[in-house]
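**Q** Build out the structure end to end from the sequences listed, making use of the hints.
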Amino acid sequence: MSAIDHDEEAVVIIGSGAGGGTLAYELTARGIPVVVLEAGPHITNAEYVNDEWAAFSQMAWLDPRTTSGSWRIARDFPNLPAWIVKAVGGSTTHWSGATPRFLAHEFQARSTYGGIDGANLLDWPITLAELAPYYDRAEIAMGSTHRHGRAALPANNNYKVFANGAARVGYNFYATGPYATNAEPYDGRPASVQDGFNFQGDKSGAKWSTLVREIPRAEATGHLDLRPLSQAVQITHDRTGRADAVLYLDAAGGMHRQRARIVCVAGNSIETPRLLLLSASSLFPDGLANSSGQVGRNYMRHTTGSVYAQFPDPVHSYRGETMAGIIADEARHDERRGFAGGYYLETLSLGPAFLAAFADPGSWGRDFTSILDGYAHTAGLWIVGEDMPQETNRITLNGSVTDAAGLPVANVNFDDHPNDVAMRDHGYRQAELLYDAVGSISAHRTPPYPSTHNLGTSRMSARPEDGVVNKFGRAHDVPNLFVSDGSVFTTGAAANPTLTIVALAIRQADHIAEQLANRSL
Amino acid sequence: MTFLETSEAPSGFLDSPQARALLVRVIRVAFPHAQLPDTAYEKTADALIALAEKTPRHFLALSSGLASLDTLPAGAFLDLNAMDATARLRAIEQTEFFGFVRANTVLTLYNLPEVWQALGYEGASFDKGGYLHRGFNDLDWLPEPRIEEYTGELRYVEIGPLTRQVGAATPATPAAASAAPESASGRDEVTK
Ligand SMILES: Cc1cc2nc3c(=O)[nH]c(=O)nc-3n(C[C@H](O)[C@H](O)[C@H](O)COP(=O)(O)OP(=O)(O)OC[C@H]3O[C@@H](n4cnc5c(N)ncnc54)[C@H](O)[C@@H]3O)c2cc1C
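Protein chains in written order, with numbering that gives the first Met the number 0: chain A, 0 to 520; chain B, 0 to 191.
Simulated from the structure, these hints should not be mistaken for lab results.
Treat each hint with caution, since some may be false.
What the hints assert, rightly or not - In silico contact screen, one side only, chain A against chain B (beta carbon under 7 Å); selected entries:
no. : residue
1   : N49
2   : L102
3   : K159
4   : V168
5   : R318
6   : G319
7   : D333
8   : G350
9   : P351
10  : W363
11  : L371
What you are looking at is a predicted structure, and each value in this text was computed from that prediction instead of being measured.
Glycine included, C-beta positions come from ideal geometry on N, C-alpha and C.
**A** Written out as structure tokens, the structure reads:
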């Protein structure tokens, strides 16, 4: 591992998750020296624990955040709007692994769906055809099953119920993937042992994360200076408006300054806009890269919900890969269903501790305990679909609540759009029909969990007035500032976002390397 | 917390067998499970008392909540049957006392290994080699499903309705109700 001098003008990447970790590897592999600032500690697979609350406390971002708006999260989990990991590898350590691609029209949401009241829809400045080669590279890097020769994962118990139900209601486009966990040894990592712990960090290494793949490979190049427990608190700029350094705090609260030639922000879609807003200056009074006023706006979290159904016979859905089951028939855009955009259905299983906490927050009594009583006979799935970007769904700095360093925390304001509600209701009904078709005796609708998919708060746009970054993720206002995570999503699409975040980061790395080579950066 | 020494110091009540018995009963009535051992409810009560004793806010809520349960007109809480006891708790579910008990029971009770066992959850598995050879796919009351992606003759529809009828969910809005799924024109889905 190389130590880069604080006065050396380096490429500085903030965050080591899906976006930041990928970018770090792709740049160092080309011989470009990179400093990665990661707010969390460097915890490795052997230290992970097969225990829901213990694992959550070990790695989740638990620094204060606040919420507002009419979403139920603001009532049930006012200080936990999102489930994001604060550790080397970011949320790819706790993710499950579903990797569908966007559909072509999802890059043209405004043109395809038309104007929708209250929705700030915009077409992406790129197309599926432009991203396709990077999707290939991302799938190969992540080892997505069903792609590029990777074997399918076997059917686990939860999938058996899910897939049989799907077939009986007339769905066809279901499978155990694409899913970025090895069914067979691949890329130096073993095959899944179906231990059932995905959201807690995978001890075996069968699951892709930047912790097991990109970070160690970047270190092996000798060009990476990884600094864990280093939280960026401000990006500074020179008199011409170019970013010139990143100020960050170490674990003891000591302030450091790393000079920068290029700054890439990949703190996930709540911390990324927070950092840009914290970097306001006389030249950029509304926050860095915010001449459009769109920094922090259009926050998306996908339209989600779960259904847990009970059966006369045992299911033991917690055994095996949590989300290795995807139905794609409802991902289409079909206005006859009463909403724009589409959704996937994906298998999901929680342990009793998390099921109790999230199944119906605030409830108690027999209705509640019957959900847990049938635990071993329960199958579960998750609805994940496109939600509408809205300008008022927004990350702002909360002036009255501060973190340990005294900095304003992020407030997450969110209201469901009527389109989101119609889609969720449709998904609930389809899920109930699916389980009914295989003999369920009850089905429980669970509201959205704290957001695991956080998107859109620094969106890509062709025109500077519509968004924050251009089609390569470069800030419209600051020539050497990039955003490298899911914040750049112009719209959310139905697909789980990580494959697309990784594909965009690989593409951005190509772009940065090229610009450095011809000295235009 | 420390309490000044007066004969009426409240510190004693929460540690009394009476308070514990009341709390165990409250938790059992609010979270009834026939299959759980008594120890699960007792451990949860003990954990909640220990937690409450850390901060005056929770201490006050828990002690006064428990102590006042018997002052309601229906009589001694411990003598009520489950139905009446549930109704009593419904009446106070918005109180700080009940909110504290509910939220922390959810976090504590369902995190006890003996509760996992009673519910049929096996807990940590990596050290045992995962479930690869321990039943991850032992469900035998349904046929083995396909695991590969669909390769039949239907084309995947990205925009527009499906030609086949799917599970016939009730349409999401009145507007959509006029377009019944079976009247779909199928402009995108064709057979090869
Ligand atoms: C339980 C769970 C299941 C999921 N399952 C799936 C799935 O099946 N499929 C899918 O596509 N997606 C899934 N996701 C979502 C996926 O994890 C995220 O989309 C992805 O990791 C986001 O990448 P990112 O680079 O934007 O942020 P992250 O991966 O979250 O990385 C951000 C990193 O930046 C660090 N950071 C933030 N602020 C600062 C700062 N100021 N200074 C320094 N460092 C900072 C954070 O500590 C963190 O490590 C899941 C997420 C969770 C929590």
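**Q** With reference to the structure, classify each hint as holding or not holding.
**A** Now the hints, each set against the structure:
Restraint check, A:N49 versus chain B: the minimum CB separation of about 4 Å is within 7 Å; hint holds. Against a cut-off of 7 Å between C-beta atoms, the interface hint on A:L102 holds, since the closest Cβ of chain B lies about 5 Å away. Interface hint at A:K159: satisfied, since its Cβ lies 5 Å from the closest Cβ of chain B, which is below the 7 Å cut-off. Of the supplied interface hints, the one on A:V168 holds, with its beta-carbon coming within about 3 Å of a beta-carbon of chain B, less than 7 Å.
Hint status for A:R318 relative to chain B: holds, with the closest Cβ pair at about 4 Å, below 7 Å. For A:G319, the shortest C-beta to C-beta distance to chain B is roughly 4 Å, which falls under 7 Å, so the interface hint holds. For A:D333, the interface hint holds, since its Cβ comes within 7 Å of a Cβ in chain B; the closest pair sits about 5 Å apart. Against a cut-off of 7 Å between C-beta atoms, the interface hint on A:G350 holds, since the closest Cβ of chain B lies about 6 Å away.
At its closest, the beta carbon of A:P351 sits 5 Å from a beta carbon of chain B; the interface hint therefore holds under the 7 Å criterion. At its closest, the beta carbon of A:W363 sits 5 Å from a beta carbon of chain B; the interface hint therefore holds under the 7 Å criterion. A distance limit of 7 Å between C-beta atoms decides the matter here; for A:L371 the minimum to chain B is near 6 Å, and the interface restraint holds.
This entry satisfies every hint, going by the numbered hints stated previously.
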